[in-house]
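Please work from the sequences and hints to get the whole structure.
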Amino acid sequence: MSSSTCSDTNIRKALKKLKEIDVLKGRDNRSQEEDEKIRKEDYYRRVLDPSYRTEEEKEQEQRKYDMLQREKDAMKQRQCERHKKNQKKKLEHEAKERKRKEDEEAKAKEREKEREKEQEKERAKERERTIAYCKDPLEKEYLSLLIENKNDNGKTFRMMSRKYHPDKNLDNKKWAEEKQKQLENIRSKYDKPQFT
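Take the sequence shown: its letters are residues 1 to 196, numbered as in UniProt numbering.
Simulated from the structure, these hints should not be mistaken for lab results. Take the hints with a grain of salt, since some may be wrong.
[Claimed, not checked] Quick list of in silico lysine to aspartate or glutamate cross-link-like pairs, EDC-like style, CA-CA up to 16 angstroms: (1) 58 to 42; (2) 25 to 41; (3) 16 to 41; (4) 163 to 178; (5) 16 to 42; (6) 25 to 35; (7) 19 to 35; (8) 150 to 120; (9) 189 to 152; (10) 181 to 167; (11) 181 to 136; (12) 150 to 191; (13) 179 to 167; (14) 140 to 128; (15) 37 to 20; (16) 155 to 191; (17) 40 to 56; (18) 17 to 42; (19) 140 to 184; (20) 150 to 126; (21) 163 to 141; (22) 17 to 41.
[To be verified] What follows is a list of derived Cβ distance ranges for each label pair: (23) 120 to 170: 40 to 50 angstroms; (24) 130 to 110: 26 to 36 angstroms; (25) 162 to 136: 11 to 21 angstroms; (26) 38 to 79: 41 to 51 angstroms; (27) 102 to 68: 47 to 57 angstroms; (28) 76 to 40: 42 to 52 angstroms.
Predicted model, so just to flag it, every value in this text is computed and none were measured. Where is the CB? At the ideal position from N, CA and C, for every residue including glycine.
Structure representation (structure tokens):
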């Protein structure tokens with residue numbers, strides 16, 4: 001007997017049994033044997049339709065599905081909360097790091113300002129010492145003006161040269177020419193920045 005013939009026989013048998021069961025369900029007074037036949041209804045329904053589920057099985061599957069769905073939702077919720085927590089930690093860490101860098105930069109700038117201040121004090125002392133040791137009044141004047149002009153030697157020379165130019169000192173031309181020569185020597189002496 002082939003499997004398709006066997007299957008057809010089982011289907012016919014199941015249909016017959018289901019008809020009997022429907023008739024038995026209509027009766028009020030059933031024997032124990034008849035109740036046993038009714039209890040086998042699910043078996044015969046499965047023979048006809050292998051995907052058939054009883055109400056109890058459907059409810060059980062639904063409960064299982066609902067439980068899995070709740071677990072899945074809870075897991076998603078936990079993942080979402082974990083992600084938010086990690087994101088918050090990351091943002092807090094980045095903010096702390098930015099603050100630390102800003103503080104470091106501010107401290108470095110402050111140290112640089114202090115260093116520049118100290119250097120400026122040292123340069124001022126050096127300028128004053130140089131001017132104090134300078135015996136030539138013209139060179140002292142040149143140095144003072146050079147400091148005012150922030151070590152711009154060219155500008156300082158032009159200003160001094162105008163002041164002591166022979167055309168401006170017509171009554172003492174020889175003296176003015178001598179001053180011009182001295183200024184040339186002083187300019188070449190301070191050609192490289194001395195007080196920076």
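Results of checking the hints against the structure:
1. 58 to 42: holds (13 angstroms)
2. 25 to 41: holds (11 angstroms)
3. 16 to 41: With a Cα-Cα distance of about 11 angstroms, the restraint between residue 16 and residue 41 holds, given a limit of 16 angstroms.
4. 163 to 178: Given pair residue 163, residue 178 holds - Cα atoms ~13 angstroms apart, limit 16 angstroms.
5. 16 to 42: holds (14 angstroms)
6. 25 to 35: This hinted pair holds, its Cα atoms lying about 9 angstroms apart.
7. 19 to 35: holds (14 angstroms)
8. 150 to 120: Satisfied, since the Cα-Cα distance of roughly 12 angstroms is no more than 16 angstroms.
9. 189 to 152: Holds - the C-alpha atoms of residue 152 and residue 189 are around 13 angstroms apart, at most 16 angstroms.
10. 181 to 167: holds (15 angstroms)
11. 181 to 136: This hinted pair holds, its Cα atoms lying about 14 angstroms apart.
12. 150 to 191: holds (13 angstroms)
13. 179 to 167: holds (13 angstroms)
14. 140 to 128: Holds - the C-alpha atoms of residue 128 and residue 140 are around 10 angstroms apart, at most 16 angstroms.
15. 37 to 20: Cα-Cα ~9 angstroms, so holds.
16. 155 to 191: holds (12 angstroms)
17. 40 to 56: Measuring from Cα to Cα gives roughly 15 angstroms; hence the hint holds.
18. 17 to 42: holds (11 angstroms)
19. 140 to 184: holds (15 angstroms)
20. 150 to 126: holds (14 angstroms)
21. 163 to 141: Since the Cα atoms of residue 163 and residue 141 sit roughly 11 angstroms apart, the hinted pair holds (cutoff 16 angstroms).
22. 17 to 41: At roughly 8 angstroms apart (the allowed maximum being 16 angstroms), residue 41 and residue 17 satisfy the hint.
23. 120 to 170: 40 to 50 angstroms: holds (42 angstroms)
24. 130 to 110: 26 to 36 angstroms: Given about 30 angstroms between the Cβ atoms, the range holds.
25. 162 to 136: 11 to 21 angstroms: holds (19 angstroms)
26. 38 to 79: 41 to 51 angstroms: holds (49 angstroms)
27. 102 to 68: 47 to 57 angstroms: holds (50 angstroms)
28. 76 to 40: 42 to 52 angstroms: holds (43 angstroms)
Violated hints: none; the structure is consistent with every hint.
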